[in-house]
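Next come the chains, spelled out residue by residue.
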Amino acid sequence: MSDSCARPDNESLLSRALAGELDAFCGLAREHEKRLYRQALGLCGDRHLAEDLAQETLLEAWKSLSRYDCSCRLSTWLYAILMHRHQKFLRKKGRSLSILEQKAPLTDPAEAASRTEEAERLRAAVEALPTAAREVIQLRFFADATLGEIAVALGIPQGTAKSRLHYALARLRQSCDLELNHFSLGRDSQLEGTTR
Amino acid sequence: MRCDPYKEQITLLASGDLPETERDQVERHLSACADCRREFEALRSLCGQIRSLAAENDRAEVPFGLSERLEKNLVAATRGRTWLWQSVAAAAAACVLIGLAVWLISSAGPNDTGTLQKQEPAVSIISTSHPVATATDLPPASWAAYYGAWLQSPETLDKMLARDAAARLKPERNLAGLNVRSFLETMNHIEEKPNENHSVRGCGVSSVV
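Order-wise, the sequence lines are chains A and B. Taking the working numbering, the leading residue of the first sequence gets 301, the next gets one more, and so forth. Taking the working numbering, the leading residue of the second sequence gets 774, the next gets one more, and so forth.
If you're looking for bench data, these hints aren't it; they were derived computationally from the structure. Since this is a predicted model, take the numbers as computed values, not measurements.
As a list, the in silico DSS-like pairs of lysine-lysine whose alpha-carbon atoms are at most 30 angstroms apart:
1. B:K845 to A:K393
2. A:K388 to B:K845
3. A:K392 to B:K845
4. A:K334 to B:K845
5. B:K845 to A:K363
The task is simple: from the sequences and hints, build the whole structure.
Structure representation (structure tokens):
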């Protein structure tokens, strides 16, 4: 996994940042900040909060950079920090699954219009997963991490990462099927209501 | 057909995480099992939808000036942290230095006095009429003052001696009964042998340490 530690062009930046050079870390941050912001936005749905989360993630990364051992990509490591910061934020606010509540009024209308109902349902289903399962889904699909990197980022054995991914996808499939059924039933009953 | 052993592998195949070495075996099972094939297709579709969701995030517009703000705040926070650590380190260093100085002064004090005692004569006044009223190591600087006091009157010297001794002794102790004349004789003796230690006991010079 060490080959994915850093691309050759940012390898020197990383080694300088690891040596404590803030300028070098800022260079790395510039490479990751847009993606980090978008990932944060995907997690929280609020632009201001997303910027705060990205900021906190980079600061946290700088403070604990000495613990980054290149066993996963920097982007994966940053995403894992982002997830923890987001979880911390939710705990602080005393809300566990209220992401959709904050998304509804704050999402850009044009952006919202482009989203399909299915995508929204799927997003809701992902958010409703237990934390351990959701983390694996987020790392695998939103941070494009491999199973090995997920294991490193979460500090779990690779076999556990596999099991969690299997469990999470099975759970999502089940809940999406149920949602679909509910949706169909609801539409059917509405149709029935209109025909009566 | 037993499908359970393949369930996890089918999920991993759908998500693109199944190792090459296991792929053939799972694909053989899929070609023979319609239920698992349907499950696989559903999971693959699900994974595709999640990826689309992630891709949607990647298309989100990045606010103007994000990079500048992030970098500025990062540098500011780091400098703040550095400043804080520098302040803490400076305060700690100051505490250590002050502590060291206090320890040196307190530990060097008695030794210095000891050194002075050996280099310069000191007077011990031992009252024979009042055994506990003992004034030791009266400072040489005050001898001239004692002599001047004696020139005025023996009572003046007596008062002065009692005051100085009281400052060095416990309050209940005093030099009442001390023979002033013997002290003054000691003064003369000190003038003759200024590098020796002397003591006054009752009447007359009793010993030279």
